[in-house]
Each structure stands twice: as structure tokens, then as C-alpha cells.
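Q: First to last, the sequence lines map onto chains Z and D.
Be aware that the first sequence starts at 1176, since it is given in the numbering used here, and climbs by one per residue.
Be aware that the second sequence starts at 473, since it is given in the numbering used here, and climbs by one per residue.
Some clues are possibly wrong.
What the hints assert, rightly or not - Output of the computed footprint for chain D on chain Z, the stretches with three or more beta carbons under 8 Å from beta carbons of chain D:
| hint | stretch |
| --- | --- |
| 1 | 1266-1277 |
| 2 | 1348-1359 |
| 3 | 1467-1473 |
By construction, these hints were calculated from the structure, which means they are not laboratory data.
Yeah, the Cβ is synthetic: ideal placement off N, Cα and C, and Gly gets one too.
Chain by chain, the residues run as shown.
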Amino acid sequence: MASENKAMRHARRRILHAAAASATLGLLPGIGYGQARPLLTRPIPSSGEPLPVVGLGSWITFNVGNDPVARDACANVMRAFVGAGGRMIDSSPMYGSSQDVIGHGLRKHALRVFSADKVWISSGERGREQIEQSRARWQVPRFDLLQVHNLLAWQPHLATLLAMKASGAIRYVGITTSEGRRHREFEQVMRSHPIDFVQVTYNPLDREVEERILPIARDHRIAVIVNRPFREGALLRALAREPLPPWAAEIGCTSWAQVVLKFIASHPAVTCAIPATTSVAHVVENMAAAHGPLPDETLRKRIVAAVDR
Amino acid sequence: MSEWWTYTLSDFLLFSPRTYYRLLELYNLAVWPLQVVGVVVGLAAIALSLGSRGRLVSLSLALSWLWVAWAFHARHYAQINWAAPWFAAAFAIQAAALLTLGTIAGRLHFRVERDARTWLAMGLAAIAVAGYPLVAPLAGHGWASAETFGLTPDPTALATVALVSQVRGNVRWLLLALPLAWCAIAAATLWAMESPTAVLPTLLGLAGALVASGRSRSDALRSAS
């Protein structure tokens, strides 16, 4: 009994410590699905606008072509995401039909989201034309955030995006990379250009960004979007064989997906993670990770040790 | 593409296997009952090649490549793969080459004599035409996503490789380049999807290339003697 009480006190202390360490976190009332706990948000450093720490990606999952059944299923995922308080949906002209499918979902369920897209074309001159095509596919009046995808032709595109932001055509500007590519060049752009967002790969196994990119983001007040949190599902497939450790309950996690998302969201430089899914159940499960306590440094180390076996 | 060595096959896969097989399903539904026509045309092409009717073989192959270019790549596959318009262009070029060199110029001369390579090539063509529709149901994807010669790219390319491998002269390699390239693309796509059926375009394409290569060597020896 005494040891049980000690364990509970220890868990509570750890949670309180994590809450204190996450002082930059904002809390919004939970919306939908009967979640009474507040939604964890992080402010976009350049504006202070709060964003829920879990967003929605669309790579592969929303590229379903003209299949009406699959398009409606994606629309239902979007509705569940927004219903659970989600805001940021991210896409790219590289993702096949994903932009059209997002447009379908927004129209079908009259959803309002934080629209994040990218410019991905080797010609700097044709950037605006591609952005307009993307906007028409999303069927939104303007994008909230536009990013230079994988630093492709980043000099001309960044100039275009910054000019669009200055004119009010978009609200935020960013750059992206994934799976650790071109990090040196990425860091240089972060240091030398007034960007609002970066998008990088980060999860308990891919932690290279902890070394320099995340500290630079904090120093330069740049928001961080995390892509491939589950390594396109491979990480969760590998973890599915492992039982969820008892300490997962300390941070309110009932699945490995939530443990991984909470690990990502607990880094103070991270603004939000954008897992992609075609399942309503999974999006609800992911959004549940945007509630409750986050792991402290000790628990973060335990998560890494548990995942990296 | 910078840091190209960090990319894997799966980095180029834009869609899930479920989406790919669903696309085949919807395509089959849209073109039914052309699947029957495809198999009949394919079997006729095999028989015509044995009868050395080069113009008719190239006409049937050209029409098949043209149909796949327009109906499959341009109108369906392009929905989920932005590279599909390029594939459509390549398939249209192959159709034009078959039509120009084979049907109009009459340069598709099939060997009259029969040997082991002939029957191996005909066996490969028969698998591509009559066996390929069985692959999807055997792999657990159901009849609805079956792939048929003349309608979908993989069996069309594989049957073309097998038949053209029996053509005499250098025109053979001119007409094999794009079909073999497609076999490589098809194999890479299926490997990226972790589909066991990836072995089919890999092994059948390789076998067709080896038969064609063996033909080239025997032709060279014959002309030297």
C-alpha cells in the first residue's frame, strides 16, 4: 500500500513537473466527442495564434483519386478531426489528388480549418500559378500557411511567398524537409529569412532535429510542424507487437500512437505533429493525445528506450 | 534530386495499395466487358505470331498500347499518380512505333522455325494474356481488380516483350525498350507496395529479355556462318 502511494505520488509529481515545464502550452476547452479535458495548444511564435498540438497530414492517405466512397471516407476523417478540435490540415501539390479530396471534405461538411499547403515546382516563375491551382483544389479563399516543399527552388519561391504574405494573400510562410534531408541548407534558411514555420521529421527514432533545428526554431521564434510522426505507419506496426508499458497511463495514453504523439508534442520547440490517417477511429485516437499531461524529460527518455528496442 | 541516396522505393509511392487496387476495380467496372475482348485479342496475337502475320500482330499490339495509354494511364491512373501522363505518352509512342514499323513498314518478321526459345516466348505470352487475370484473385484482391492484356499496362507490356522477342533483326530492340522499361517500373511499384506479385513483372520481364538476347546471339552466329 505504502509503495502504491509512493508510486502515485511520484506519478503525480512527474505530471505536475511536466505541466510546469510546458509553460508555453496553451489550453483550449475540448470540443466534441464529450472530451471535458482542455485541448493542448501551442502558440505560433510569430503571431501568438494558438494551434492544437495535433494536426492532420494527407500524404498517401488522402490520395484516393475520384473514388467516391474513399473521398467520402476521407471527408469523414476530416469531420472527426475538426469535431475533436483539430485545426491544421497539411497537403502539397506533390500528394496526387489529396488537395481535391481535402476540398471535397471542406465543402461537404462545411469545415473551417487552418489550411497549410506547399509550393513544389522546379520553376520559380511558375510558383504562383501552382499555388493558385492548389487554392482552387482546396476551394478556400486563401491559404493560412504556404511552405516551400523540400526546399525545391527555395530562393524564388520564398521570395514569392514572403511577397504574398506582405500583401495579405497568405498569413504565414514556411519551408519543409523530411527524413533528415538537406538539414545544413535548411538551417541556413531558418537563420537568414523571416519565416514563420518549418516542417521536419521528428519521432522517438528520428531525433536528429533535436541537435540544431529545434534549438534554432526556438531562438528564431519559428513554429515547428512535425511530419512522419509514425514513419508512415511502420513505427506503429513494429510497436504493435509490444505491450503498452504501465507508465503510458501516467500521461493518459491508451495506445502507442498517443505515446509517440505526446513524445513529439512534449518538446518545447514543437508546435504540432501532423499524423495522416484514413480512419475515423485513428484520428479520434490521435486527437486524444492533444489532451492531458505530457511526458517530462525522464519519461521522454523512457519512451525513446521503449521505442528504440 | 539532392541526397538521392537517402531515397528508397517507398518514397516514390504516392498511394496506398488499397487505393491502387480500388482504382483497378473502378477501371474494370468502367470498361467491362472489354476484358473479354482484351484476352481474345491477346490470344489472337499469339496465334498470328506463330503464323508469321507480323502486320496483324503489330496492329493488335499497337491498339492495345494506345488503349492503355488513353483509358488507363491518362484517364484513371493519372488521378493518383502525377507521373501517369508521362506513362501515357510513353505508351502512345510505343503504339506509334508498332504501327509505323510493324503495320505500315512491315518490318515485324517472326521466325518461321520453331525451337525452345519460341515455345518459351509463347509460354510467357500465354501467361501474360491468359494467366494474368488470375493474379489478382489468387493474391487475395478479388476478380474486380484483375489485370487484363490490352486494358492494363503490366500484362500488355509482358506479352509484348514475349512476342517481340521472336522478331528478326534490330527492330526487335527498338520495340522492346519501352515494354522492358515498363516491366521495371511495374516491378518497382509492386515492390514498394510490398506486394508478392512484384515477382511477376520482374521474372517474366527478365525471362523475355533473356529470350530476346539469346535470339540476338543466335541471329549473329547465323549471319556470321
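Q: Against each hint, give a clear statement of whether it holds in the structure.
A: Comparing the hints with the structure gives:
{"no.": "1", "hint": "1266-1277", "verdict": "holds (count 4)"}
{"no.": "2", "hint": "1348-1359", "verdict": "holds (count 4)"}
{"no.": "3", "hint": "1467-1473", "verdict": "violated (count 0)"}
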